Each structure stands twice: as structure tokens, then as C-alpha cells.
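Protein chains in written order, with the working numbering: chain B, 14 to 158; chain A, 14 to 158; chain X, 74 to 480; chain Z, 74 to 480.
Hint data in this document are derived by calculation from the structure and do not stem from the laboratory.
Treat the hints loosely; a few may be bogus.
Pair by pair, the computed Cβ-Cβ distance ranges are [unchecked claim]:
hint, chain 1, residue 1, chain 2, residue 2, range
1, B, Asn59, Z, Phe158, 21 to 31 Å
2, Z, Glu209, B, Asp53, 47 to 57 Å
3, X, Ala186, Z, Glu119, 46 to 56 Å
Each computed EDC-like pair below joins lysine to aspartate or glutamate, with the alpha-carbon atoms no more than 20 Å apart [claimed, not checked]:
hint, chain 1, residue 1, chain 2, residue 2
4, B, Lys68, X, Asp444
5, X, Lys185, Z, Glu209
6, X, Lys92, B, Glu125
7, Z, Lys447, A, Asp58
8, Z, Lys473, A, Asp58
9, Z, Lys181, X, Glu209
10, X, Lys95, B, Glu39
11, Z, Lys477, A, Glu39
12, X, Lys473, B, Glu35
13, Z, Lys124, X, Glu90
14, Z, Lys474, A, Glu39
15, X, Lys414, B, Asp43
16, X, Lys92, Z, Glu119
17, X, Lys414, B, Asp87
18, Z, Lys95, A, Asp32
19, Z, Lys447, X, Asp444
20, A, Lys63, Z, Glu403
21, X, Lys92, X, Glu463
22, X, Lys92, B, Glu35
23, Z, Lys414, A, Asp43
24, Z, Lys84, X, Glu119
25, Z, Lys474, Z, Glu395
26, Z, Lys222, Z, Glu336
27, Z, Lys95, A, Asp33
28, A, Lys140, X, Glu314
29, X, Lys447, Z, Glu141
30, X, Lys473, X, Glu463
31, B, Lys63, B, Glu125
32, Z, Lys473, A, Glu35
33, Z, Lys216, Z, Glu259
Quick caveat: nothing in here was measured; it's all calculated off a predicted structure.
Note that CB positions come from ideal geometry on N, CA and C, so glycine has one too.
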Amino acid sequence: MSIEENEKEIIDEFNIFGDDWESRYEYIIDLGKSLPLLSDAEKHDNLLIKGCQSKMWLKTYFDGTLMSIRADSDAIITKGMAALVIRVLNNHRPEEIVNAPLNFIDAIGLKEHLSPTRANGLTSLIKQIKLDALAYLSKGSSETK
Amino acid sequence: MSIEENEKEIIDEFNIFGDDWESRYEYIIDLGKSLPLLSDAEKHDNLLIKGCQSKMWLKTYFDGTLMSIRADSDAIITKGMAALVIRVLNNHRPEEIVNAPLNFIDAIGLKEHLSPTRANGLTSLIKQIKLDALAYLSKGSSETK
Amino acid sequence: MAIFNPIDIRKDFPTLEQKVNKHNLIYFDNGATAHKPKVVINSIQEYYTNKNSNIHRGVHTLSRQITEAYEQARVTVQHFVNAAFSHEIVFTKGTTDSINLVAYSFGKRFVKAGDEVMISAMEHHSNILPWMQLCEDRGASLKVVPINKAGEIKVEDFTKLITDRTKLVAITHVSNTLGTINPIKEIIHNAHLRNVPVLIDGAQAVPHLKVDVQDLDADFYCFSAHKMFGPTGVGVLYAKEKWLNEMPPYQSGGGIIQTVSFEGVTYAPAPLKFEAGTPHIAGGIGLATAINYINQIGFEQIEKYENELLNYAQSQLHQMEEVEIIGQSEHKAAVVSFIVKGLHPYDVGMILDKYGVAVRTGHHCTQPLMDYYKIPGTIRASLAFYNTFEEIDTFVTALKKAIKMLS
Amino acid sequence: MAIFNPIDIRKDFPTLEQKVNKHNLIYFDNGATAHKPKVVINSIQEYYTNKNSNIHRGVHTLSRQITEAYEQARVTVQHFVNAAFSHEIVFTKGTTDSINLVAYSFGKRFVKAGDEVMISAMEHHSNILPWMQLCEDRGASLKVVPINKAGEIKVEDFTKLITDRTKLVAITHVSNTLGTINPIKEIIHNAHLRNVPVLIDGAQAVPHLKVDVQDLDADFYCFSAHKMFGPTGVGVLYAKEKWLNEMPPYQSGGGIIQTVSFEGVTYAPAPLKFEAGTPHIAGGIGLATAINYINQIGFEQIEKYENELLNYAQSQLHQMEEVEIIGQSEHKAAVVSFIVKGLHPYDVGMILDKYGVAVRTGHHCTQPLMDYYKIPGTIRASLAFYNTFEEIDTFVTALKKAIKMLS
Ligand SMILES: Cc1ncc(COP(=O)(O)O)c(C=O)c1O
Ligand SMILES: Cc1ncc(COP(=O)(O)O)c(C=O)c1O
Numbered sequence: 014m015s016i017e018e019n020e021k022e023i024i025d026e027f028n029i030f031g032d033d034w035e036s037r038y039e040y041i042i043d044l045g046k047s048l049p050l051l052s053d054a055e056k057h058d059n060l061l062i063k064g065c066q067s068k069m070w071l072k073t074y075f076d077g078t079l080m081s082i083r084a085d086s087d088a089i090i091t092k093g094m095a096a097l098v099i100r101v102l103n104n105h106r107p108e109e110i111v112n113a114p115l116n117f118i119d120a121i122g123l124k125e126h127l128s129p130t131r132a133n134g135l136t137s138l139i140k141q142i143k144l145d146a147l148a149y150l151s152k153g154s155s156e157t158k
Numbered sequence: 014m015s016i017e018e019n020e021k022e023i024i025d026e027f028n029i030f031g032d033d034w035e036s037r038y039e040y041i042i043d044l045g046k047s048l049p050l051l052s053d054a055e056k057h058d059n060l061l062i063k064g065c066q067s068k069m070w071l072k073t074y075f076d077g078t079l080m081s082i083r084a085d086s087d088a089i090i091t092k093g094m095a096a097l098v099i100r101v102l103n104n105h106r107p108e109e110i111v112n113a114p115l116n117f118i119d120a121i122g123l124k125e126h127l128s129p130t131r132a133n134g135l136t137s138l139i140k141q142i143k144l145d146a147l148a149y150l151s152k153g154s155s156e157t158k
Numbered sequence: 074m075a076i077f078n079p080i081d082i083r084k085d086f087p088t089l090e091q092k093v094n095k096h097n098l099i100y101f102d103n104g105a106t107a108h109k110p111k112v113v114i115n116s117i118q119e120y121y122t123n124k125n126s127n128i129h130r131g132v133h134t135l136s137r138q139i140t141e142a143y144e145q146a147r148v149t150v151q152h153f154v155n156a157a158f159s160h161e162i163v164f165t166k167g168t169t170d171s172i173n174l175v176a177y178s179f180g181k182r183f184v185k186a187g188d189e190v191m192i193s194a195m196e197h198h199s200n201i202l203p204w205m206q207l208c209e210d211r212g213a214s215l216k217v218v219p220i221n222k223a224g225e226i227k228v229e230d231f232t233k234l235i236t237d238r239t240k241l242v243a244i245t246h247v248s249n250t251l252g253t254i255n256p257i258k259e260i261i262h263n264a265h266l267r268n269v270p271v272l273i274d275g276a277q278a279v280p281h282l283k284v285d286v287q288d289l290d291a292d293f294y295c296f297s298a299h300k301m302f303g304p305t306g307v308g309v310l311y312a313k314e315k316w317l318n319e320m321p322p323y324q325s326g327g328g329i330i331q332t333v334s335f336e337g338v339t340y341a342p343a344p345l346k347f348e349a350g351t352p353h354i355a356g357g358i359g360l361a362t363a364i365n366y367i368n369q370i371g372f373e374q375i376e377k378y379e380n381e382l383l384n385y386a387q388s389q390l391h392q393m394e395e396v397e398i399i400g401q402s403e404h405k406a407a408v409v410s411f412i413v414k415g416l417h418p419y420d421v422g423m424i425l426d427k428y429g430v431a432v433r434t435g436h437h438c439t440q441p442l443m444d445y446y447k448i449p450g451t452i453r454a455s456l457a458f459y460n461t462f463e464e465i466d467t468f469v470t471a472l473k474k475a476i477k478m479l480s
Numbered sequence: 074m075a076i077f078n079p080i081d082i083r084k085d086f087p088t089l090e091q092k093v094n095k096h097n098l099i100y101f102d103n104g105a106t107a108h109k110p111k112v113v114i115n116s117i118q119e120y121y122t123n124k125n126s127n128i129h130r131g132v133h134t135l136s137r138q139i140t141e142a143y144e145q146a147r148v149t150v151q152h153f154v155n156a157a158f159s160h161e162i163v164f165t166k167g168t169t170d171s172i173n174l175v176a177y178s179f180g181k182r183f184v185k186a187g188d189e190v191m192i193s194a195m196e197h198h199s200n201i202l203p204w205m206q207l208c209e210d211r212g213a214s215l216k217v218v219p220i221n222k223a224g225e226i227k228v229e230d231f232t233k234l235i236t237d238r239t240k241l242v243a244i245t246h247v248s249n250t251l252g253t254i255n256p257i258k259e260i261i262h263n264a265h266l267r268n269v270p271v272l273i274d275g276a277q278a279v280p281h282l283k284v285d286v287q288d289l290d291a292d293f294y295c296f297s298a299h300k301m302f303g304p305t306g307v308g309v310l311y312a313k314e315k316w317l318n319e320m321p322p323y324q325s326g327g328g329i330i331q332t333v334s335f336e337g338v339t340y341a342p343a344p345l346k347f348e349a350g351t352p353h354i355a356g357g358i359g360l361a362t363a364i365n366y367i368n369q370i371g372f373e374q375i376e377k378y379e380n381e382l383l384n385y386a387q388s389q390l391h392q393m394e395e396v397e398i399i400g401q402s403e404h405k406a407a408v409v410s411f412i413v414k415g416l417h418p419y420d421v422g423m424i425l426d427k428y429g430v431a432v433r434t435g436h437h438c439t440q441p442l443m444d445y446y447k448i449p450g451t452i453r454a455s456l457a458f459y460n461t462f463e464e465i466d467t468f469v470t471a472l473k474k475a476i477k478m479l480s
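In isolation and in its complexed conformation, chain B is listed as follows (with noise of 0.2 Å):
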């Protein structure tokens, strides 16, 4: 499936949810306990992501043709965020990547999260994701980050 097909995907599950934030967020809370993204011998400092209250661990991996990504955190909403994000992006070529507007937040009601204050990693594991693609992108080869 396309990035696009990904987030139509999250949009439609979503829409179920309505105007009911309670639903979303247990949405989100249960992604988060599901999903055990990095193992803790993973988390190492150096995958950490600055600026959030927080702590957020990313590993993206390229194997010359398509990028995967995983990522995790110690807040049980900002995992399930990562999560998404992942779920949209996992296995796409850097230059899809790097293009992909990721409209779907705004679309599902958590805009909110992609905010710049720096309490939140949304943002900055996005931006990290995309400076990695980037990186991929100019190399060509094979690299984990």
C-alpha cells in the first residue's frame, strides 16, 4: 500500500471514533501497550530524539531500496503517535518519505500532538525520520541510522 493508502486506511478506522476523544486517545493508549517497538538493550542514548518531555528512541534501517523504521518511548500516548507514524511510513522508498505530507494527524483529530512546543516528540521524529530519508537518499546504499 502507498503512504497515501496507509493514512486513508488510519482516517477511515478512525472516523468510526466521531467527535469522541475518549475513543481516539484508548485507540492510541492501547497502540502504545501493544506494540513493544524497541527491545530496552535498543535504547540506546544515541537513538534518542532531543527536545521532549518524553523520551523518544528512533532506528530507521535502508536496504538500498526501501526504509524501515522503528521507534519507541517511555510515554505510553507518544508511542502510540510513533506507532502511526510508523505504520504510515514502514517500507517506503526515502523519496516517498521525505515528500509524504502526513496529513492523517490533522484528519484524525490529534493534530494537537504536532504542536512546537517542545514538550512533544511528534514533530521532532518526523523531522528525524525525513533527515534520515534524506540521508538514504544521497547515499543510495544499504545503512542503518
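Position chains A, X and Z with the ligands against the provided structure of chain B, taking the given hints into account.
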């Protein structure tokens, strides 16, 4: 005449002008023009009062009983105001000078000259005269400042 | 002095009358910044509408009038902290600016290689970093007085650490994270026995309790208007006249000098020497209005009411097993920090916000303190006299829902 | 863009509608501070009434919303001066604060004993004293580029004085006393040929003309909100990203770091690194509103109208024998300084005030310039786009009366 009587006299003179600021200022300006208070040779920098937009020189003298005061300014309104203050305080005992409330400035409608803006030297002039008076008081013998 | 009634008081604060996420706003983030009563907002509006002019510089009427009003504001601040002279009140940008001013000017004059500056383990970054910087610049060293688990400083610990090289003690009056009211009068007394001057970070004290700098014998006392119901961008440095006279200027520029030539300058006396540039005139006017407003209520009533609020909030939280209160001193201002076992403060804060409850989560600019407690942060409810018991109930209900959702 | 009509414009500025000493106020002291349009006053009131909260720190809704608004204000400033990035905009207390920041942080990193800093003879104290202080602290020397009698700097004079030790050039865009618009684009170009960065004091430029920092290629550009129809207590430092990255922080405290322990700190990237403490949030919001207001009128119309005003005022004054205009450059913003032969500026200003005319008299914080002209001060009429030809007529009439009274 006592300081209070001097003040009373000036207030009476100014009462004639009523609400008319132009006459009041013409009076002050005339005062400023007519009185050569210090000769140019006397206008040493060490007599300068700090913090005025116009220059203001102050010279006081104490004969052991009475204090005499002379002052001058390169701005004519400042000079006129100084002349009024001198007319009130000159040749009085230091303790009288220290305690003089100088309400006349307010009473004759020239309170604006007492503002704490540093543009205006009148407040500094009065402060310095009183400081000199205090110094004479504590020493007691004749002296020039 | 009218009888204290928070319901009436709340009417003075328009910001409180709003819905957040469809709930009535419950604002428990007063430690970050407090809301402004209408009189303060109106005084700022009135300044810009009718009185605007630059000060100290013009001979014209508007300029003269606003200079007088601004200097009157200084006198209002003087009386608020009971300073001996109005020229001991320096207007700054805020607490951070005040502390930086002292670190620079006092440091330049008095701190040399090998000297020591002493702070406590519960300081706000604004009362840590300027001293670290000073010590680094001058080759001096920073000494940190420990706290106990309850979040208290022992006066003896302070006294013990003072040496002949100690040049300054800098300590907070009230901890923004823990709420602890430190025994600063005793600390100042003991420091003075060793001839060491003391700077007090009063940012979190002035909204809650009566400060008397002469009774405390503080050498420097710093605070921000925005945390005491006044405008943003303005704060105060109180300093004893003798220090202001000895300290060189900090920033330089228009307004701080008597004469300038390229050969040299003569400085104006304090406070002007420390107030380079056009000041935040509307800020000074608004701060004075905020002080008058506080005085009308009176600290006696404020302290009594806030104490009841604090006790109620703490007792409610105590009843929740999963909650641990961080900062258990017996002397506290109306600040409760806590953690929920197993949950990240950020998650809890996010969900509370959804219920209209504004708390702050994180390290509250006291990272070393978080390291001491080995926690990533806390959830902080910081109260003001316009908060109510009902709000605490609603907050506790919301907190329970949040915990349920997140567990 | 509506057609420019000062009569309509004046209605936006409530402060202009008042009597001073029974006369309609004629406010010709815009160089000291400008009045605020209602939209600016309202945006400040609206902030305090409904949006007040601290920024960057909270997860709650109010805090998030105001953080976004404050960062949006930064973007508005960015576009106003056409900076390449919004993170090149640092919010400060004002021009003086901005210049002190650069003197400290750039100086600490780049200026060593034996180096030189270059300014001009027409600088404001705020663009003299910080450099004198820096040079004194570092053992560097201050070089002063001369001006001619018309009040102009010759680009060649500037270029000639640059040496291999010149580390920075600091010069005003528009002289607050003379009105001269300096050829800063050429000066910057020439300084860059020698690899010397240039700081521009833009305090008196931004209210009058369009500034494009990229076109100018300025390294640093400083200005104050209060002189451009915005609030007091807030200003801007524009700096090229590369300098901000290389410069150490100035003030330290809450908000400027990523991590702190007593062992060391990691700083946040610019602009946060330079914005310690709670900022003047209402100030940032008000400044952005002022910029939007100016943009609505447009600098094209402003420059054209002000030029006409300036020419008219100068030609009226030229006709008076006893008047001498100080500052006769062909490139001037709407500022006229003059002296009346045989009279002290202070006296003239006092009497003008009695007729409701607010001018500034004195040295205008440019004492070295007064020394150059060998005068104690000038009378300065500094105009804004809300001033009118009729006001100039009334002013000239009042001036004639004042001269008559005083002569
Ligand atoms: C040319 C110039 N530079 C700097 C300043 C200082 O500005 P502020 O007082 O707002 O810091 C002024 C204002 O008087 C000025 O006219
Ligand atoms: C204890 C303490 N000190 C200093 C500060 C810094 O105050 P400001 O940000 O107003 O400069 C704060 C505010 O967060 C504080 O709580």
C-alpha cells in the same frame, strides 16, 4: 523674612497671573534673563549639577550662621526657576534650609519642574542645596562649596 | 479588607471563564504563569491608549507624566517587599534576567579564581545556569547543598559548607517543583555571620506570601511580574544599596550614563545604571497595579486560604494508592507535585488536559532535582487564591479517569 | 491596499486624540516611542483576557495554543525583515538588549586582545557603550568612523579604516538624531570583502522603510517593537544562522537547555539558546500585530507620504533665519533636528510643550555627536505616518511664538 514669608510673597505675586501660563513663564524667563547669577569665570565643572539636560552650576557659602546660595544655568527657564529657589532660601540658617518644604513651586503652578525626569535640574538643585546645608550643619564653621 | 470569597475573586479573572475541550477550565498551572485580574489588563490598555510615551528623556507633558507614574510604580514595588529605598528596586525582564544581572555584575566585581558560589539542589535552572556560567568564566566553583527526601534543606548543611572562599549564596525562597518554603531567614543570618551575601530567588514566593527584604536581611531578591498576576516581560531585582553602588553596570546603552565621550563615561546612580534602554513601561505600570490588587486582598487571607486548599489537595491525593507526592515538607506553598506509579507524567497530563485540567508535567526546569529523585518528571498542580475546593474535586475525578485509561 | 489617508489612519491611534495643556496634542516624538494602533492594544488585551499561559513548557491546551501563536509571531517578524529562517529571529527586550547580546556572545567567541570593533560617530549610546565595554573587557580597541558636517558617512572612510584586526562593524541604519539613512548596503558589501561581519542598529529604520536583511546581507539587525507601533519591553535580534550557531548563549536560565546536570549542560538550538526565562509573550503577540498593521498600509505609501512631510517641515524651518537644521543629508527618514540660534533647546522644548507640541530636546543619547557639532543638544521633531501637514504648520507657529517669548 523667613523662608515661609518669602514663599508667601512669591505665591501672591504669581496669583495675579491667574490661569495664564504665558505670563507665568514670561515672568520666569525675565527672571532668567535679568539675573547674571554666576560669572563665566566662576562656572567651573566641579560646580555642575549632574543629570540635567541644561547645565546648572551651584555655589553655596556658609559664614557660620547663614548660608548664601548662587546658581546659574545655560537654559533660561532653568535659570529663572533657580532664581526663584534662591530668592526663597538665600541667607537662611542651614537647618531652616534643610527643612524647607518649598511648597511654593507647586502653589504657583510650576510643579512640572519638580518631575523626576532627568531633563530637569530643579529637583537636583534643591537636593544639592540641602545636602550642602546638611554638610555645613554638621561642620558648623564657615566654608564655601 | 473585604471577607475573602474565591467566587467573587474569580470574577476578576476573565481568563478563568472559558471552556477547554468542552470542560470548564481548571487552571492549576499558576507556577508557570498566573492569570491577570481585569484591573491589571485595564491599566495596560489605559497606558497604551492614553499615556504612552517614553520616560526619563522628554521634557514634554506626556513624557513627564509617565515618568512620574513609572517611578511611582517603583515605589509601589519598594513597599511591596518593604525595601528601604525605591532606588534599591531595579526593573528587569524577569527573575532570570535579575539573576543574570547579579551573576554578571556582582561576579565581575567580587568573584575571582578559586572562589565559591553556593546554591541548593532544588534550584530552578534560572538559579543554576547563571552561576555555573559565572564559575566557569571566573575559575570559581559551584557548591550544591543537598536536600533530604522530604525536599528540605537543613540550615546546618548550608552553614557547614560555607568557607572563607564563599562569595555568594543563591537559594530559592519557595521551590517551584516541591513547594518547599526554605528557612531563608536563618540561612541569611548564618551566611552573614560569615560575611557572605545571599541572593533569594523569590519567583514562587511573591504570589503566595508576604516578603519583607529588610526583615529577611536579603542582599538580593528576584521575582517576575507574570507569576504574581502582573504582565509578561517585567521583573524585579531588589538589591541593597551598598551592592548596587559597588557593582558595575550589566547591560549598557541609553539611559545608564551621565556623560559619554569616546574617551570615557560617567554612570548614572542606581537603579538607572542597571536599566539600559527603553524599559517595559507598560510592564512596570501593570506590575504596580497587580501589587495594589494583591494588597487589597491581603496576604493574611491569601496564605490562610491557600493553606487550606493545599491541605485539601494533598489529603485527596494521599488517599490514592498509586499516587506519590514529591515534596513533603511541612512548610509548603500551594504547590503539589506528584507521580503516578507506572505511568509517565506526560501521559497523565495529556489526559487531564482533555478534561479541561491544566497542570504542568516534566522536570519544571529543575533537572538536577529530578535526577535526585530518579524520576523523569512530575505532574504539578500549582494553585492560586482563585482556585477552589470544587476544582480540586473535579481534578481528582479527572485524575482517576486518566489513571484508569492509561493503566 | 487602501489609498493612504492620514485622517483615517489617525483614527486608529487613540493616544493622538487628546488635549495637552489645552491644545490638541501634536506628537512629534516618534523617535523616542511611537503610539499604538487599536489593533495592537486589542491584541494585548485579548492575550491577557483569554489566552494567557506560559509557552514551550506545558502540555495543556492554553499553553500549546499560545506557543503556536508566539512561534507564529516569530514567523511574522521573519517575513517583515525577509529573514531566511524563523530561527534567525531572537526575541529580546529591545534594541539595547539585542546589541548587548551580540557584544557579549559574539565578543566572547570572536574578539580578542588587539582586535578592533568599528562604529560611526553618529551612533546612539546603545550602539556605543556595549562596544566600549567589550573592548575594555577584551583589550580590543574601538575605531570611530567620522561623519561630515551634513551628517553623512562616506563609504570610503569606512572601508579605509577596516584592517585585518577588525572583527565587527556596528552602525546605525538611520540616525535617531540626524535622520540620515546610511549607505549600509555598500558598507556591508565592503566589509564582507574583508570578511568582517556587520551589525545594523535598525531601531529608527523599521518604522520608516522596508528592510530586507537578505538583500542587505546584514549579519545582525536589531530593533525595538515600541518604536514601530508595537508594545514596550520587546525587540528583535535578527542574526544569520551561522553566527547564532557559533555564538555561546548570553543569559542563561530556564528554556535554553536540553539537559542540565551539575556536571554540564547541552544547549537548545537557536533561537531558544538565546531566550532564557519566560519571554514577554504579550509583547511578541503585540509586535506581530503591529507588523500586520504596517503591512496593511505598506511601506511604499509610508515612505512616499513621510518624505513629503519631511520636505515640508524642512522647507518651513529653512525659512526661519534663526533656525539651523542639524543633519542635512539627502537621504533622510522623517526626522528633523534643529537648533535655534542663541536659545537653549530645553527652553524651546518647554514652551512648545505648553502649546501641546511634544518634541524631544537634548542629546538624544548621542553625546559624541553633540560634541562633534559643538552643541549642547537639538530640538528634534521625529514624524510618523499619522502626522499631518497641518500639524507641521501649528508646530511652526508655536515655534515662532516660543522664540519670541524666549528672545
Ligand atoms: C538609533 C537607536 N539605537 C538604539 C536605540 C535604543 O532602543 P531601545 O531604547 O528601545 O533599546 C534607540 C532608541 O532610542 C535608537 O534611536
Ligand atoms: C523558582 C523559579 N525561579 C526562577 C524562575 C524563572 O522565572 P522567569 O521565567 O519569569 O524568568 C521560575 C519560573 O519558572 C521559578 O519557578
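(message) Check the hint pairing Lys124 of chain Z with Glu90 of chain X against an upper bound of 20 Å on the C-alpha distance.
(response) holds, 11 Å
(message) Next pair to validate is Lys63 of chain B with Glu125 of chain B; report whether the Cα-Cα distance is within 20 Å.
(response) OK: Lys63 of chain B and Glu125 of chain B at ~19 Å, within 20 Å.
(message) Need the status of pair Lys92 of chain X, Glu125 of chain B: alpha-carbon distance at most 20 Å?
(response) holds, 17 Å
(message) Would the hint linking Lys140 of chain A and Glu314 of chain X be met if the CA-CA limit is 20 Å?
(response) Within the cut-off at roughly 19 Å; holds.
(message) Hint check: Lys222 of chain Z vs Glu336 of chain Z, CA-CA at most 20 Å. Holds or violated?
(response) violated, 57 Å
(request) Quickly compare the C-alpha distance for Lys185 of chain X and Glu209 of chain Z to 20 Å and report which way the hint goes. (result) Holds, because 18 Å separates the two Cα atoms, which is no more than 20 Å.
(request) For the pair we were handed, Lys473 of chain Z and Asp58 of chain A, check the Cα-Cα distance against 20 Å. (result) Given that 20 Å is the threshold and the Cα spacing comes to 33 Å, the pair is violated.
(request) Compare the distance between the alpha carbons of Lys447 of chain X and Glu141 of chain Z with 20 Å, and conclude whether the hinted pair is satisfied. (result) Violated - the C-alpha atoms of Glu141 of chain Z and Lys447 of chain X are around 32 Å apart, more than 20 Å.
(request) For the pair we were handed, Lys95 of chain Z and Asp32 of chain A, check the Cα-Cα distance against 20 Å. (result) This hinted pair holds, its Cα atoms lying about 12 Å apart.
(request) Quickly compare the C-alpha distance for Lys474 of chain Z and Glu395 of chain Z to 20 Å and report which way the hint goes. (result) holds, 13 Å
(request) Would you check the hint for Lys84 of chain Z and Glu119 of chain X, treating anything up to 20 Å between C-alpha atoms as holding? (result) holds, 17 Å
(message) Does Glu35 of chain B sit within 20 Å of Lys473 of chain X, going by the straight-line distance between their CA atoms?
(response) Answer holds: Lys473 of chain X to Glu35 of chain B is near 14 Å, not above 20 Å.
When the structure is compared with the earlier hints, violations turn up for hints 8, 19, 20, 26 and 29 and for no others.
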